[in-house]
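Trainee: Throw the hints in and build the complete structure from the sequences for me.
Protein sequences, first through last, are from chains R and P.
Numbering of the first sequence is given in the working numbering, commencing with residue 1 and proceeding in unit increments.
Numbering of the second sequence is given in the working numbering, commencing with residue 1 and proceeding in unit increments.
Heads up, a few of these hints could be off.
[As the list claims (entries may be wrong)] Just some of the chain R residues that point at chain P, by a computed CB distance under 8 Å:
{"hint": "1", "residue": "88"}
{"hint": "2", "residue": "91"}
{"hint": "3", "residue": "94"}
{"hint": "4", "residue": "95"}
{"hint": "5", "residue": "96"}
{"hint": "6", "residue": "102"}
{"hint": "7", "residue": "134"}
{"hint": "8", "residue": "136"}
{"hint": "9", "residue": "223"}
{"hint": "10", "residue": "227"}
{"hint": "11", "residue": "230"}
{"hint": "12", "residue": "254"}
{"hint": "13", "residue": "256"}
{"hint": "14", "residue": "261"}
{"hint": "15", "residue": "266"}
{"hint": "16", "residue": "269"}
Quick caveat, the hints were computed from the structure, so don't treat them as lab data.
Every residue gets a Cβ at the ideal spot worked out from N, C-alpha and C, and that includes glycine.
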Amino acid sequence: MTITLDIVTTAALLFVVATGLLVIFGVLKIINFAHGAFLTIGAYGALATTAFNLNPWLSFPLAFVIGAAVGLLVERLVVRPLYDRPLDAILATWGLGIVISQFITLGFGREIQFARSPLSGTISVLGETYSAYRLVALAITVAVGISFAVLIEGTRLGLSARAVIMNEDLARGLGIDTYRVRRMTFVVGCGLAALAGALITPLSSVDPNMGVPWLINAFMLVMVAGSSFVSLALAALILGGAQVVVSSYFSPILGGMTIVLLSAVVLRLRPAGFGRG
Amino acid sequence: MAEETIIDSAAPLTQSASPEPRRLRAIAVVVAALAILIAAGPFVLDTYMVNILIRAFHYALVALTVDLLWGYAGILTFGQAAFFGIGAYAAALVFTHIGFSPATITLAVVLALLAPALTGLLVGWLSFYPGSTPLYASVVSLAFPIVVTQIIFSGGTFTGSSSGLVGYQVFDLSIEAWFWIAGGALVVCGALAFIFVKSEMARVLVAIRDNEERCSYLGINTPRVKILLTALLAGIAGLAGFSYANFSAVVAPELTSFVFGTELVIYVALGGRGTLIGPVLGTIGIDVLSSYLSGDLPYVWKLIVGLIFIAVIVALPNGMAQLAKIAWRKVARGRGAIVSRPLAVRLHAKPAPAASTARLEIAHVSKSFGSLKVLEGIDLTIVDGELVSLVGPNGAGKTTLMRCISDGRERSGGQVRVNGVDIGSKPPFRIAALGLGRKFQTAGIFESLTVAECLRIACALNDQPSFLHPLEELALPAAAQLVIDVTGLADVLSREARFLSHGQKQALELAMVLALEPRIILLDEPTAGLTKSERARIGRVLVDLVAQYRLAVVLVEHDLDFVREISSRVVVLHQGRIVLDGTVAEVVGSQIVRNIYLGTV
Numbered sequence: 001m002t003i004t005l006d007i008v009t010t011a012a013l014l015f016v017v018a019t020g021l022l023v024i025f026g027v028l029k030i031i032n033f034a035h036g037a038f039l040t041i042g043a044y045g046a047l048a049t050t051a052f053n054l055n056p057w058l059s060f061p062l063a064f065v066i067g068a069a070v071g072l073l074v075e076r077l078v079v080r081p082l083y084d085r086p087l088d089a090i091l092a093t094w095g096l097g098i099v100i101s102q103f104i105t106l107g108f109g110r111e112i113q114f115a116r117s118p119l120s121g122t123i124s125v126l127g128e129t130y131s132a133y134r135l136v137a138l139a140i141t142v143a144v145g146i147s148f149a150v151l152i153e154g155t156r157l158g159l160s161a162r163a164v165i166m167n168e169d170l171a172r173g174l175g176i177d178t179y180r181v182r183r184m185t186f187v188v189g190c191g192l193a194a195l196a197g198a199l200i201t202p203l204s205s206v207d208p209n210m211g212v213p214w215l216i217n218a219f220m221l222v223m224v225a226g227s228s229f230v231s232l233a234l235a236a237l238i239l240g241g242a243q244v245v246v247s248s249y250f251s252p253i254l255g256g257m258t259i260v261l262l263s264a265v266v267l268r269l270r271p272a273g274f275g276r277g
Numbered sequence: 001m002a003e004e005t006i007i008d009s010a011a012p013l014t015q016s017a018s019p020e021p022r023r024l025r026a027i028a029v030v031v032a033a034l035a036i037l038i039a040a041g042p043f044v045l046d047t048y049m050v051n052i053l054i055r056a057f058h059y060a061l062v063a064l065t066v067d068l069l070w071g072y073a074g075i076l077t078f079g080q081a082a083f084f085g086i087g088a089y090a091a092a093l094v095f096t097h098i099g100f101s102p103a104t105i106t107l108a109v110v111l112a113l114l115a116p117a118l119t120g121l122l123v124g125w126l127s128f129y130p131g132s133t134p135l136y137a138s139v140v141s142l143a144f145p146i147v148v149t150q151i152i153f154s155g156g157t158f159t160g161s162s163s164g165l166v167g168y169q170v171f172d173l174s175i176e177a178w179f180w181i182a183g184g185a186l187v188v189c190g191a192l193a194f195i196f197v198k199s200e201m202a203r204v205l206v207a208i209r210d211n212e213e214r215c216s217y218l219g220i221n222t223p224r225v226k227i228l229l230t231a232l233l234a235g236i237a238g239l240a241g242f243s244y245a246n247f248s249a250v251v252a253p254e255l256t257s258f259v260f261g262t263e264l265v266i267y268v269a270l271g272g273r274g275t276l277i278g279p280v281l282g283t284i285g286i287d288v289l290s291s292y293l294s295g296d297l298p299y300v301w302k303l304i305v306g307l308i309f310i311a312v313i314v315a316l317p318n319g320m321a322q323l324a325k326i327a328w329r330k331v332a333r334g335r336g337a338i339v340s341r342p343l344a345v346r347l348h349a350k351p352a353p354a355a356s357t358a359r360l361e362i363a364h365v366s367k368s369f370g371s372l373k374v375l376e377g378i379d380l381t382i383v384d385g386e387l388v389s390l391v392g393p394n395g396a397g398k399t400t401l402m403r404c405i406s407d408g409r410e411r412s413g414g415q416v417r418v419n420g421v422d423i424g425s426k427p428p429f430r431i432a433a434l435g436l437g438r439k440f441q442t443a444g445i446f447e448s449l450t451v452a453e454c455l456r457i458a459c460a461l462n463d464q465p466s467f468l469h470p471l472e473e474l475a476l477p478a479a480a481q482l483v484i485d486v487t488g489l490a491d492v493l494s495r496e497a498r499f500l501s502h503g504q505k506q507a508l509e510l511a512m513v514l515a516l517e518p519r520i521i522l523l524d525e526p527t528a529g530l531t532k533s534e535r536a537r538i539g540r541v542l543v544d545l546v547a548q549y550r551l552a553v554v555l556v557e558h559d560l561d562f563v564r565e566i567s568s569r570v571v572v573l574h575q576g577r578i579v580l581d582g583t584v585a586e587v588v589g590s591q592i593v594r595n596i597y598l599g600t601v
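Mentor: If you want it as structure tokens, here you go:
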């Protein structure tokens, strides 16, 4: 039972971490390698709420706003000139990740720190005691997933974004301001990354390079998922589940490379990954 | 050689010998000058600097391999550090666990070469397969070092886990000797790399980068080329790692990490990808500066490197080398010098092979996407001396049929035999080797190569490109020669293909397909977008080719007047089926064809 809960909550965390990356990849067709740094920004946002003795629940909206604001700046300066050079965009955003983590180091120090959790203790689920916060994180993930589905399916921006994903030239021809769609998508993606960072903070420590392992796993999941949220959820569940199983029954070190290795093999055998195609 | 004609002499050369020895002499002079610098280094630099430079030389050696992969072959790799690390660990593991003797040294060298090379084969096999994307190769190159690092972490005392291995016995060499070894190795490898990147084989890499699909339809096994390149460069990186493990007497998992792999990419990008010298100077410059500055400005220095890196990627994609080039051009123009002079290429006519028969047999071929049937029950046989036009309205399945003939994995059912051989599920490069050439609808050429180089790539199947020599002589099959003569391409052999007009590009691709010496050629709208006169010229060439060289030609064409003038036979496709197969007169007079084109069937 515990392992099932572990799998589901781990998958949820992977999903919420990868969502921002997927959104940006789907619409902009570039990989934001600064994603891990945005995650770290969110984590330090959560740390700031602890430092200033604010309500820990505030860390989530705060992280989203900070991430989105930095994203807006970055889109203008770094990402926009590289829309036509996707491989270069990977490199430039990786450089951006270095810059962000150095700024964080300068501002907060390089040591490992801890943020206060909004919720501690355990609750009983079907006779098992389980971390209350992990379940809350699961609920928040589901909420993020649902609100995202609403945003994509029910709003004008969502419609435009879907049009850009399917056929950008045609979308532009139909009068959609694709640059605005790209900008908004990038900003939302960065905000989501920071929100995810704040969400994982109570479960782990915080340090300036904490985002890198998450970036790698999220990147692999997005590659496997293509640009579909359903595939992403599926990939997070299957590959994240495999990670939990390997970590618990074999070795945590092997668990750390499960997602990376399985994703590479899945893509080799089926280039479309878990998506259709 | 039956006859020899010097056709290209755009810039008549005055030298008696070919430029090749002169180039080698220039390289020798530069190598000698660098050797003197390296020899003098330890006597003029302080010990700290010498130490830093030895490390930087090792890194620069690996950066060279990154540049060959990324700058020339277009493979962005984050994993090159892992090969370096595997080589280093091979040495450290052998010396730690087995001991230090001539036998174990030999073993360690062999392992440091073979282990990375074999891993390189595996990584290459994962990364490159028909239809793989550059992004996927980068994904694998990212995953690979992570896996290697995790394996080292989980190796316990055998690999030293996170603290690495230290205290193993190494060569007892002075710091000067290490400087000479590392510097010498860098100069030698740099010179070899320089010779290689000017060679015909390096042009093949650029061609694959520019247009991989075109390469595979010219009979080049592109995944194999990339896999072998990866393995070779992995072996070189591994040897550099071997040397580094002996110099530093310590190995740590960070050597294999993708973070180090990414740093190498940063060095290469800053120095200028695709220039060799840029990445070497970039690596040495940044590594030396880092050693001096990271002590004083620990985080700020890394921040500055990060900012410069972003700025270079965004604004100066070809790195510092680009700045140097721009500056050099300004100086050179001031002195009225000519910056670059294209090499002339001597053309030989290749004797035509004894005419053989050609036969393309298509039996019951079908193609469907789910429940949608695009082709159904296609039966067709075409032999040498025939010029068969495939006509039909848009969506009739003409291009699909071309694809099913030239790529064995395309059709859903039926059989295709090329010159008597069943194509089974062979990929395009194997079918090309059976004697089938395909010209695409939009001209597939190699934008950054010259006309002569494009043609050279097309000859690669029958004439192995050299790893050492640049392109100086081109033995062109007579049919290809005919096309470049008639269309005027012979006068612009040294021009880069991207500067050609649309019509010239189409003609170049046709010449490339013919340079492959196929017996059967498939032409998908070879005259699309051409002017009336260009069209007439191509038409005459095609008729000549069929008459003179007894080729079998299949042509997809919309212009029925053009079809009528040149075809020996016309096949009408409609909704995925052959509705008519006959002479020009039969088809032109047919009521069915008229109805199809009027849309009443």
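Trainee: Look at each hint and say if it fits the structure.
Mentor: Status of each hint after checking the structure:
no.: 1; hint: 88; result: 5 Å, holds
no.: 2; hint: 91; result: 5 Å, holds
no.: 3; hint: 94; result: 6 Å, holds
no.: 4; hint: 95; result: 4 Å, holds
no.: 5; hint: 96; result: 6 Å, holds
no.: 6; hint: 102; result: 4 Å, holds
no.: 7; hint: 134; result: 25 Å, violated
no.: 8; hint: 136; result: 30 Å, violated
no.: 9; hint: 223; result: 5 Å, holds
no.: 10; hint: 227; result: 13 Å, violated
no.: 11; hint: 230; result: 20 Å, violated
no.: 12; hint: 254; result: 7 Å, holds
no.: 13; hint: 256; result: 6 Å, holds
no.: 14; hint: 261; result: 6 Å, holds
no.: 15; hint: 266; result: 11 Å, violated
no.: 16; hint: 269; result: 10 Å, violated
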